[in-house]
Amino acid sequence: MKLGTLIMLASLAFAANHAIAAQTAPPPIIPLPAKVTYPAQGAAKSVALTDRHVVVCADGNFAHIVSDTLHRWSDIRMGIYPDAATARAANAKTITVDYASAADIPELRNAEGYSLEVAASGDVSIRASTKAGAFYALQTLAQLLEKGATGGCSLPVVTIHDAPRFVWRGFLVDSGRYFVGVESIKRTIDTMALFKYNRMHWHLTEDQGWRIEIKKYPKLTQVGSWRSSSPSWGDRSKPDGLPHGGYYTQDQVREVVAYAKQRFITVIPEIEVPGHSSAALAAYPEFGNTDIPGYAPFVQTTWGVKPYTYAPKEETFRFLQDVLDEVCELFPDAQYIHAGGDEAPKKQWDASPFAKSVMQKNNLKDANELQAWFLRRIEKHLNSRGRQMIGWDEIQEGGLSPTAVMMVWRDWKWARHALDQGNNIILTERMHCYYDYTPGNLPDDPYYHLISAYQKPPRVITLEKAYSFEPISNGIRPEQEKQILGSQANLWGEYLYDWNKAEFLLFPRAFAMAEVTWSPKDARDWQSFQSRVPAALKLLDKMKVNYQRADGSAALPTPTRK
Numbered sequence: 001m002k003l004g005t006l007i008m009l010a011s012l013a014f015a016a017n018h019a020i021a022a023q024t025a026p027p028p029i030i031p032l033p034a035k036v037t038y039p040a041q042g043a044a045k046s047v048a049l050t051d052r053h054v055v056v057c058a059d060g061n062f063a064h065i066v067s068d069t070l071h072r073w074s075d076i077r078m079g080i081y082p083d084a085a086t087a088r089a090a091n092a093k094t095i096t097v098d099y100a101s102a103a104d105i106p107e108l109r110n111a112e113g114y115s116l117e118v119a120a121s122g123d124v125s126i127r128a129s130t131k132a133g134a135f136y137a138l139q140t141l142a143q144l145l146e147k148g149a150t151g152g153c154s155l156p157v158v159t160i161h162d163a164p165r166f167v168w169r170g171f172l173v174d175s176g177r178y179f180v181g182v183e184s185i186k187r188t189i190d191t192m193a194l195f196k197y198n199r200m201h202w203h204l205t206e207d208q209g210w211r212i213e214i215k216k217y218p219k220l221t222q223v224g225s226w227r228s229s230s231p232s233w234g235d236r237s238k239p240d241g242l243p244h245g246g247y248y249t250q251d252q253v254r255e256v257v258a259y260a261k262q263r264f265i266t267v268i269p270e271i272e273v274p275g276h277s278s279a280a281l282a283a284y285p286e287f288g289n290t291d292i293p294g295y296a297p298f299v300q301t302t303w304g305v306k307p308y309t310y311a312p313k314e315e316t317f318r319f320l321q322d323v324l325d326e327v328c329e330l331f332p333d334a335q336y337i338h339a340g341g342d343e344a345p346k347k348q349w350d351a352s353p354f355a356k357s358v359m360q361k362n363n364l365k366d367a368n369e370l371q372a373w374f375l376r377r378i379e380k381h382l383n384s385r386g387r388q389m390i391g392w393d394e395i396q397e398g399g400l401s402p403t404a405v406m407m408v409w410r411d412w413k414w415a416r417h418a419l420d421q422g423n424n425i426i427l428t429e430r431m432h433c434y435y436d437y438t439p440g441n442l443p444d445d446p447y448y449h450l451i452s453a454y455q456k457p458p459r460v461i462t463l464e465k466a467y468s469f470e471p472i473s474n475g476i477r478p479e480q481e482k483q484i485l486g487s488q489a490n491l492w493g494e495y496l497y498d499w500n501k502a503e504f505l506l507f508p509r510a511f512a513m514a515e516v517t518w519s520p521k522d523a524r525d526w527q528s529f530q531s532r533v534p535a536a537l538k539l540l541d542k543m544k545v546n547y548q549r550a551d552g553s554a555a556l557p558t559p560t561r562k
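Take the sequence shown: its position 133, counting from 1, is numbered 133 in my numbering, and each next residue is one higher.
If you are wondering where the hints come from, they were derived from the structure by calculation, not from laboratory data. Virtual Cβ for every residue (Gly too), placed ideally from N, Cα, C. Be aware that one or more of the hints could be misleading.
The list that follows gives simulated cross-link-like pairs (lysine-lysine, DSSO-like), each with its CA atoms no further than 30 Å apart [stated by the list, open to error]:
id	residue 1	residue 2
1	Lys542	Lys261
2	Lys482	Lys413
3	Lys216	Lys346
Just the calculated beta-carbon pair ranges, DEER-fashion [stated by the list, open to error]:
id	residue 1	residue 2	range
4	Tyr454	Lys216	35 to 43 Å
5	Gly552	Asn383	43 to 51 Å
6	Asn61	Lys456	51 to 59 Å
7	Tyr454	Arg52	54 to 62 Å
Construct all of the structure, not just a fragment, from the sequences and the given hints.
Encoded structure:
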């Protein structure tokens with residue numbers, strides 16, 4: 001065979017292989033869908049999205065969500081039709097939403113699963129058994145949109161069948177250390193919804209501030225929501241002398257909860273007991289260990305674990321039950337209420353004659369068992385309100401309630417006892433899921449100082465390390481896997497002076513958690529993920545959300561301190 005013929009055949013083979021590779025490359029979507037099918041070779045690869053497209057959906061409210069979402073990302077305002085026949089009579093291209101289960105599509109058996117088909121005709125079909133599934137299909141469609149350099153939008157011709165791996169795909173907002181405004185929270189909800197998160201864990205009470213209005217106890221916010229100063233930027237040993245505070249009115253809480261619900265995110269409130277309670281006890285000191293020497297609670301002005309804990313007396317339980325009753329009313333869709341249970345020093349209980357008498361009366365051998373007893377009292381009340389308690393992994397010290405959900409933050413070893421006992425757990429292990437730890441390569445500015453600056457060695461969670469997290473550890477029995485509800489990204493607020501810095505730390509690492517909790521384990525691939533991150537960052541640019549660039553710099557300017 002002549003050399004020219006060989007070269008030509010080799011070139012054709014390369015072109016064919018390149019076309020196949022391009023055709024089977026993953027779409028620029030985070031999290032990666034479960035199943036993606038492209039058209040056969042030679043078929044149309046993309047279709048235009050134009051103002052001839054209309055939304056067809058019998059559910060008028062959801063039809064407007066579809067229309068508004070696509071307008072946001074494409075700048076095309078689409079009409080709405082209640083049925084396909086009317087749309088066809090108008091000679092329109094359709095984006096059809098159909099709530100219907102389908103035995104031929106296993107993913108639709110999942111309440112959050114969906115089918116999305118972009119046909120060569122230009123018609124788009126969304127099928128899901130619930131509105132949540134249809135909403136996630138819409139987020140995928142939004143990410144598939146490609147705007148041309150000179151205007152116009154296109155969509156790839158593709159069929160996607162998709163469903164999440166885990167039911168808990170969460171992110172934590174810590175309002176306790178620094179108050180976070182409602183608009184910042186809403187923007188984060190918008191961003192997380194785009195990447196299919198479905199739980200917002202809202203940390204509302206801390207030693208450094210009580211952030212939720214409780215009508216029956218107004219001093220919780222009048223006194224407990226303000227501190228006299230905070231640690232200085234870049235030097236936590238030096239007070240800044242600036243008062244800091246704020247709280248959410250009950251109307252604002254309802255506003256956030258409703259906003260999240262519209263985006264299929266459930267807000268899970270955390271009211272810390274028995275520790276992290278300095279701010280509450282500054283407002284109502286009678287609910288603390290008043291019989292110990294030097295008892296003088298105040299709203300803390302520094303970080304770290306503080307000694308103040310609630311006293312195990314009946315008036316304290318009545319107070320906490322009253323608080324939780326109002327919390328349950330404000331979060332009507334929250335199946336779970338987080339009660340904390342972490343980092344509660346036992347020193348005050350050990351020094352309290354009353355706490356010791358409670359231990360003796362209830363045959364509790366030590367303060368760890370007293371904490372377990374205390375939390376069971378809280379859990380019993382939550383159960384009476386139709387709710388289930390979540391606690392950090394310290395809740396197993398002294399005896400784990402068989403009905404509590406345990407959020408594991410320290411290490412996998414803390415999960416095993418809970419799993420063996422039959423408890424459900426949420427894995428949020430700190431060395432992969434604590435996004436307040438440095439992402440590496442930070443700008444040289446005190447504004448970017450983080451807790452890891454004080455740890456030896458520094459705790460670094462790069463994007464690759466965040467992506468490497470696996471919620472189901474080796475050695476877990478198959479029947480126990482269903483007890484692992486999922487995971488979440490935790491962003492603790494000690495060094496988050498504003499939400500611009502919070503976004504810088506969340507993104508792009510929050511993309512990793514989105515994929516860890518949604519995509520099939522076998523489909524996850526670091527190289528593929530890296531190739532899809534730039535498209536996701538362009539979405540953040542459009543939303544004007546801050547993030548860390550690959551060179552370590554921030555996408556948005558660093559604000560000056562007022």
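Hint check:
{"no.": "1", "hint": "Lys542 to Lys261", "result": "holds (23 Å)"}
{"no.": "2", "hint": "Lys482 to Lys413", "result": "holds (18 Å)"}
{"no.": "3", "hint": "Lys216 to Lys346", "result": "holds (29 Å)"}
{"no.": "4", "hint": "Tyr454 to Lys216: 35 to 43 Å", "result": "holds (39 Å)"}
{"no.": "5", "hint": "Gly552 to Asn383: 43 to 51 Å", "result": "holds (48 Å)"}
{"no.": "6", "hint": "Asn61 to Lys456: 51 to 59 Å", "result": "holds (54 Å)"}
{"no.": "7", "hint": "Tyr454 to Arg52: 54 to 62 Å", "result": "holds (59 Å)"}
Violated hints: none; the structure is consistent with every hint.
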